[in-house]
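Chemist: Each chain, written out:
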Amino acid sequence: MALQKNTFIKDKLILGIKEYMNELSIAALIVLITCISPLLSSVFLAGDNLLNLLRQTSYTAIAAMGMYFVILIGGIDLSIGATIQVVGMVSIMMLTSGYSTVTTIVCVVLIGLVIGLVNGVLVTFGKLQPFVVTLVTKSIMDGIVLVTTDGASISGKVPESFVKIGTEYIGIFPVPVVITMIVFGITFILMSRTTYGRRLFVTGSNKVASYNSGTNVRLIQISAYILCALLATISGVLTVARIGAFQPSTTHGGATGMELNAIAAAVIGGASLSGGKGSVIGALFGALLYGVLSNLFPLIGVNSYLQQLIQGVIIIVAVIAAGRNSSSSKIKLRKSNGGSHEYST
Amino acid sequence: MKKFELSKLLSIIMLVVLILLGSQLSDSFLSVRNFSNIIQYSVETALISIGMALVLIIGGIDLSVGSVLAFSTVVSAKLALAGVNTAVILIVTIVIGFTVGAINGLLITKTKVEAFMATLGTMMVMRACTFLFTGGGPLTGSIKTSFQQIIKGKFLNVQYGIFYVIIMFVLAGIILSRTRFGRHVYAVGGGEETAKLFGVQVDKVKIAVYIISGILAALAGMIIAARIGIGEPRSGYGYEMIAITVCVVGGVSMTGGKGTVTGTFIGLMVISIIKNLMNLMNIDTNAQPIVNGIIILIVALIISREMLGKRKSLVKQI
Amino acid sequence: MNTVLELKGISKIFAGTPVLDNIDLAFKSGELHALVGENGAGKSTLIKIISGVYHQEAGKVYLNGKEVHFATPNSAQKAGISTLFQEIQEIPEMTVAENVFLGREPRYKNSPIVDTKQLKSEAEKLVKRLGLNIDVSTKMRELPVSSRKMVEIARAMNHQASVVIMDEPTANLNAEEMAALFRMIDELKKNRTTIIYISHRMNEVFSLADRVTVLRDGKLIATLNNDQYDEKSLIALMIGRELTDLYPEREHSIKEVVLEVKNLSLGEHFKNVSFDVHKGEVLGLAGLDASGANAVTKTIFGLCGKPEGKVFLNGAELDIVNPSTSIKQGMAFLTEDRKTQGLFLNQNMVNNFTISALAKVFSNRAFMKKKKERLESNKMVDKLQIKTAGLHTRLSELSGGNQQKVMLGRWMLDRYKVLIMEEPTRGVDVGAKSEIYYHINKLAEAGLAVIMYSTEMPELLGMCDRILVFSGGELKAALSKEEATQESIMQHALVR
Chain A
68 MALQKNTFIK DKLILGIKEY MNELSIAALI VLITCISPLL SSVFLAGDNL LNLLRQTSYT
128 AIAAMGMYFV ILIGGIDLSI GATIQVVGMV SIMMLTSGYS TVTTIVCVVL IGLVIGLVNG
188 VLVTFGKLQP FVVTLVTKSI MDGIVLVTTD GASISGKVPE SFVKIGTEYI GIFPVPVVIT
248 MIVFGITFIL MSRTTYGRRL FVTGSNKVAS YNSGTNVRLI QISAYILCAL LATISGVLTV
308 ARIGAFQPST THGGATGMEL NAIAAAVIGG ASLSGGKGSV IGALFGALLY GVLSNLFPLI
368 GVNSYLQQLI QGVIIIVAVI AAGRNSSSSK IKLRKSNGGS HEYST
Chain B
-16 MKKFELSKLL SIIMLVVLIL LGSQLSDSFL SVRNFSNIIQ YSVETALISI GMALVLIIGG
44 IDLSVGSVLA FSTVVSAKLA LAGVNTAVIL IVTIVIGFTV GAINGLLITK TKVEAFMATL
104 GTMMVMRACT FLFTGGGPLT GSIKTSFQQI IKGKFLNVQY GIFYVIIMFV LAGIILSRTR
164 FGRHVYAVGG GEETAKLFGV QVDKVKIAVY IISGILAALA GMIIAARIGI GEPRSGYGYE
224 MIAITVCVVG GVSMTGGKGT VTGTFIGLMV ISIIKNLMNL MNIDTNAQPI VNGIIILIVA
284 LIISREMLGK RKSLVKQI
Chain C
21 MNTVLELKGI SKIFAGTPVL DNIDLAFKSG ELHALVGENG AGKSTLIKII SGVYHQEAGK
81 VYLNGKEVHF ATPNSAQKAG ISTLFQEIQE IPEMTVAENV FLGREPRYKN SPIVDTKQLK
141 SEAEKLVKRL GLNIDVSTKM RELPVSSRKM VEIARAMNHQ ASVVIMDEPT ANLNAEEMAA
201 LFRMIDELKK NRTTIIYISH RMNEVFSLAD RVTVLRDGKL IATLNNDQYD EKSLIALMIG
261 RELTDLYPER EHSIKEVVLE VKNLSLGEHF KNVSFDVHKG EVLGLAGLDA SGANAVTKTI
321 FGLCGKPEGK VFLNGAELDI VNPSTSIKQG MAFLTEDRKT QGLFLNQNMV NNFTISALAK
381 VFSNRAFMKK KKERLESNKM VDKLQIKTAG LHTRLSELSG GNQQKVMLGR WMLDRYKVLI
441 MEEPTRGVDV GAKSEIYYHI NKLAEAGLAV IMYSTEMPEL LGMCDRILVF SGGELKAALS
501 KEEATQESIM QHALVR
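Residue numbers (our numbering), protein chains in the order written: chain A, 68 to 412; chain B, -16 to 301; chain C, 21 to 516.
These aren't lab readings, by the way, just hints derived from the structure by calculation.
Beta carbons: idealized from backbone N, C-alpha and C, even for Gly.
Incorrect hints may appear among the rest.
[What the hints assert, rightly or not] Mimicking PhoX-like on lysine-lysine, the simulated pairs with C-alpha atoms at most 25 Å apart in a straight line are: (1) C:Lys140 - B:Lys179; (2) A:Lys194 - B:Lys299; (3) B:Lys95 - A:Lys274; (4) C:Lys137 - C:Lys159; (5) B:Lys241 - C:Lys326; (6) C:Lys399 - C:Lys389; (7) C:Lys140 - B:Lys241; (8) C:Lys407 - C:Lys462; (9) C:Lys407 - C:Lys348; (10) C:Lys348 - B:Lys299; (11) B:Lys179 - B:Lys95; (12) C:Lys407 - B:Lys241; (13) C:Lys326 - A:Lys194; (14) B:Lys187 - C:Lys80; (15) C:Lys80 - C:Lys28; (16) B:Lys187 - C:Lys129; (17) C:Lys137 - A:Lys274; (18) C:Lys239 - C:Lys282; (19) C:Lys159 - B:Lys179.
[As the list claims (entries may be wrong)] Computed spacing ranges between beta-carbons, pair by pair: (20) B:Leu284 - C:Gly451: 35 to 43 Å; (21) B:Ile266 - C:Glu337: 57 to 65 Å; (22) A:Lys224 - B:Asn265: 33 to 41 Å; (23) C:Glu465 - A:Val173: 54 to 62 Å; (24) B:Thr94 - A:Asp115: 36 to 44 Å; (25) C:Ala409 - B:Ser296: 36 to 44 Å; (26) B:Ile266 - A:Val173: 41 to 49 Å; (27) B:Glu176 - C:Lys98: 15 to 23 Å; (28) C:Pro164 - B:Ser160: 20 to 28 Å; (29) B:Ser296 - A:Ile97: 45 to 53 Å; (30) B:Glu176 - C:Ile33: 35 to 43 Å; (31) C:Asn84 - B:Thr94: 36 to 44 Å.
Let the hints inform the model, and build the full structure from the sequences given.
Modeler: Structure below.
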């Protein structure tokens, strides 16, 4: 019995290390950057700056965790930047016309739910590619925001209670950071402890096999898009609550670009567009790495455009690295499979 | 015997309906002047859509076209402002497009990165390069008229843009339907493994297609610089979406292997006429993406429905 | 006759399992050389090595006395080896003519422009020669399967090859097309072309082959001239062992009816199928392609939507909606292609084992019982003797046999009433086969009703208490263990 317990622990350990290899290496990278940061900038490690960094990161981190669900099942959601815009716009419009904070939040959460549902249903029942669907919903929402605001910002009297969500502290931590941790906690438990998480994970790995093993694949897929849109909604609320006003992104069809940051964070964290890979921690760490770099670069005099360039390169490198890890086994498989047995269900 | 396929006629039906609608809504719509304007202002979209059609036919995607366009716009504007010869600008533009296209192609074939991620990466990088190049704001100054003439000029009282569109589509048509390369483009999209088995050099075809897409996007950028006379780094946002819309409306399959140049041309006309009508009727240009979005969605849904009906499989679709 | 193609010491290993072991073989000019053997004997692998799809781990290939290495199928073609693969290789969206000339399109002089006229006329000529009545400008996807296969044959003929390899060329053909194919084969032989021919149909081998090579478990057993064998001796060489070695005895205690299928019909796939399955019974379903046998298993499990007719499980009507509802009602299903339909290859063993029993066994409300999961998975590894480095191993790292055992284990973690299996041992080595059979027997003995669809005749004969034979969407015969032989099954399977 004791022996068996021992092998259990060993197995669990190996399982842990093997499955979280990617996450561990990103964590190591973040620690490394933090350690060498004093050499580059004296400001970086200051308490204020670190809290600011965490706050900045929290918007991306929440969106990235949402994006993780969609990428996990082999999809993509390009509409979250636009979702964040719509949510921000509606929040400020409602609040300035006298609705209470609670009513407003309930309303925008419902909007987020509907956006996710539309994306999910179009992908699942319309049999359309996820990126087409979400590119369409993105451009429709972008259009709606531009038509409504005509590119001008919306501001006015916003209830104190709403602004507090973006600006208050709980203990020493800004509210958005605390909310990020709560979201992380919930999604982590969802993925590691519930049957829903397991079904999501295996569905991403092989949709047909998951269906054949009794999973309601359609429901799982739609739910992933809903989760993604809901988390984008939270991110959107936190973003406008910080400023108390809404400023539409003026670039035509540019939205906030949050979808790109979120995809980048999830992919850096080990998610793969082919599905069934990555973890919530990975998405969180990916966002953190992204946040650390975005914070550190201006401090050491890297301008924001160069920063964008570096981030683009990081994405490409991350994807190539992820491909290297998995391709060796994949190639072997295809060869031994012989012919091309495509099976469509 | 042949079953009626709505998806095949969809673009033509849309075109006819739009022309009828336009003639009812506006007196100035059905005029030679208006139509030559429509085509004159669709040059950039035409170039990018042809490239995107090729990329979609091989089963890929190129999200970087908008950024490539922006980068080549600012570079050609800078060169034009410095008084550089137009031929040199053309060469530089082609080199830019070639380079980015080659990088996309190599990333996709050699490092096996998904086309979506690879071109997303180059999209970000090229946009950043564009802003780095201008320092943020647009490049302004007095641009030589000789450079502006490449789009504003007329030959036999016909605007150059119309010639460009005709030449590009005819050339693309010949390449795609008549050359060996064209057949291989279809073969790669229609069945990569089979194509490989029968000696099609799949990787080379793919790289070539991304290079063509890059060059066409860069040329579109040069034309924008000539048209607006400044180097605007914010050019080209959302162009990938417009090009995809044109292709999908024109019957190019998002899953590869299917699509024609004629279809792409009709798709281009549909999208351009919609834009034209919205202008004529003073509809907020901001609403354009909404209309485009709805159109692409409807068309894609109709096509996917028909595909499902056609495929007779024993096992039910998930 | 001089030797055209020679193989010396060819070996090939997949995922640690040797599939070809030191094969020496010479093919003579102008002969039709048949390769025969059971499924998994290595025939397809061998021809894929010759045609450049696979690369051997050891050994050499000589063409006309010169050693050759074919990096790709294309280079093999250029050297004069043309292959007709078992799976149809085509670009469905392209026309017949374009498919035939793919990769070798005729051009105007040296320009890149394709000579479409020549392309069309050449293709037409070729199609005529095969006696086909096809418009070469139709798209491949618009043709029926048999014509598509004939187009492929046309393409293989078109290479002016010195060696033509045919892997099951007649599988999808009707009688007329078969006759056309055999005429082509005669023509090729007259032109001194060597034909390497793989077929399961013994009568073809007898009437066509000049020589026959028997492969078994990756080894070359014998090469015989056509006067040196008869059907019996050839089959004996192919099987090479007593059936009882492979198929362990089962305690027969067939009891009450568990599953009752009544007048089941599904569109064009099958109609009016009725049968029942008893507790403790292993029921075999046999039939050629598109006979309906395979469609019946999929339909009962809920993969094909709602059929007409009724199915009763323990007297209550089975609600056929989708796999999820079927599993809830006590049905289990081992898919035919484990890699695309059954397993999560990039995931660990636990995730692969427990998925079907998540709701009932491994969770408390929505939460996972992770400890129980690992405990039960570990037990299953021991029980099925799966060779693995531990539960963290990804499925892609296991051999085919062990992967198959994981699939089987998935349905042993909960109690089910009926287990439907499709090709339970496809691509599995002999050792693992026997173990899988042992466990199937155990499951039957424990009271499960087992339905087994298989294309491997010996497997059906060795395992099943009764065998239902399908043809043309109809149930043609129910053979008892005593009545069932390869001949009696084929006899019913070929009835139209």
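Chemist: All hints, please: hold or fail.
Modeler: Here is how each hint holds up against the structure:
1. C:Lys140 - B:Lys179: Status holds; Cα separation ~22 Å.
2. A:Lys194 - B:Lys299: holds (13 Å)
3. B:Lys95 - A:Lys274: holds (22 Å)
4. C:Lys137 - C:Lys159: holds (17 Å)
5. B:Lys241 - C:Lys326: violated (33 Å)
6. C:Lys399 - C:Lys389: Answer holds: lysine 399 of chain C to lysine 389 of chain C is near 16 Å, not above 25 Å.
7. C:Lys140 - B:Lys241: Holds - the C-alpha atoms of lysine 241 of chain B and lysine 140 of chain C are around 21 Å apart, at most 25 Å.
8. C:Lys407 - C:Lys462: holds (20 Å)
9. C:Lys407 - C:Lys348: Measuring from Cα to Cα gives roughly 31 Å; hence the hint is violated.
10. C:Lys348 - B:Lys299: Within the cut-off at roughly 19 Å; holds.
11. B:Lys179 - B:Lys95: Cα-Cα ~16 Å, so holds.
12. C:Lys407 - B:Lys241: violated (46 Å)
13. C:Lys326 - A:Lys194: At roughly 21 Å apart (the allowed maximum being 25 Å), lysine 194 of chain A and lysine 326 of chain C satisfy the hint.
14. B:Lys187 - C:Lys80: Violated, at about 30 Å.
15. C:Lys80 - C:Lys28: Within the cut-off at roughly 5 Å; holds.
16. B:Lys187 - C:Lys129: holds (23 Å)
17. C:Lys137 - A:Lys274: violated (45 Å)
18. C:Lys239 - C:Lys282: violated (46 Å)
19. C:Lys159 - B:Lys179: holds (20 Å)
20. B:Leu284 - C:Gly451: 35 to 43 Å: violated (52 Å)
21. B:Ile266 - C:Glu337: 57 to 65 Å: Between isoleucine 266 of chain B and glutamate 337 of chain C, where Cβ atoms are some 58 Å apart, the hint holds.
22. A:Lys224 - B:Asn265: 33 to 41 Å: holds (34 Å)
23. C:Glu465 - A:Val173: 54 to 62 Å: holds (59 Å)
24. B:Thr94 - A:Asp115: 36 to 44 Å: holds (41 Å)
25. C:Ala409 - B:Ser296: 36 to 44 Å: Cβ of alanine 409 of chain C to Cβ of serine 296 of chain B: about 38 Å, so the range 36 to 44 Å holds.
26. B:Ile266 - A:Val173: 41 to 49 Å: Violated, since isoleucine 266 of chain B and valine 173 of chain A (Cβ atoms, about 33 Å apart) do not stay within the stated range.
27. B:Glu176 - C:Lys98: 15 to 23 Å: At 19 Å between Cβs, range holds.
28. C:Pro164 - B:Ser160: 20 to 28 Å: Once the Cβ atoms are compared, 27 Å apart, the range 20 to 28 Å for serine 160 of chain B and proline 164 of chain C holds.
29. B:Ser296 - A:Ile97: 45 to 53 Å: holds (48 Å)
30. B:Glu176 - C:Ile33: 35 to 43 Å: violated (23 Å)
31. C:Asn84 - B:Thr94: 36 to 44 Å: Holds - the Cβ-Cβ distance for asparagine 84 of chain C and threonine 94 of chain B, about 39 Å, lies within 36 to 44 Å.
Figure legend: structure checked against the earlier numbered hints; hints not met, in rising order: 5, 9, 12, 14, 17, 18, 20, 26, 30.
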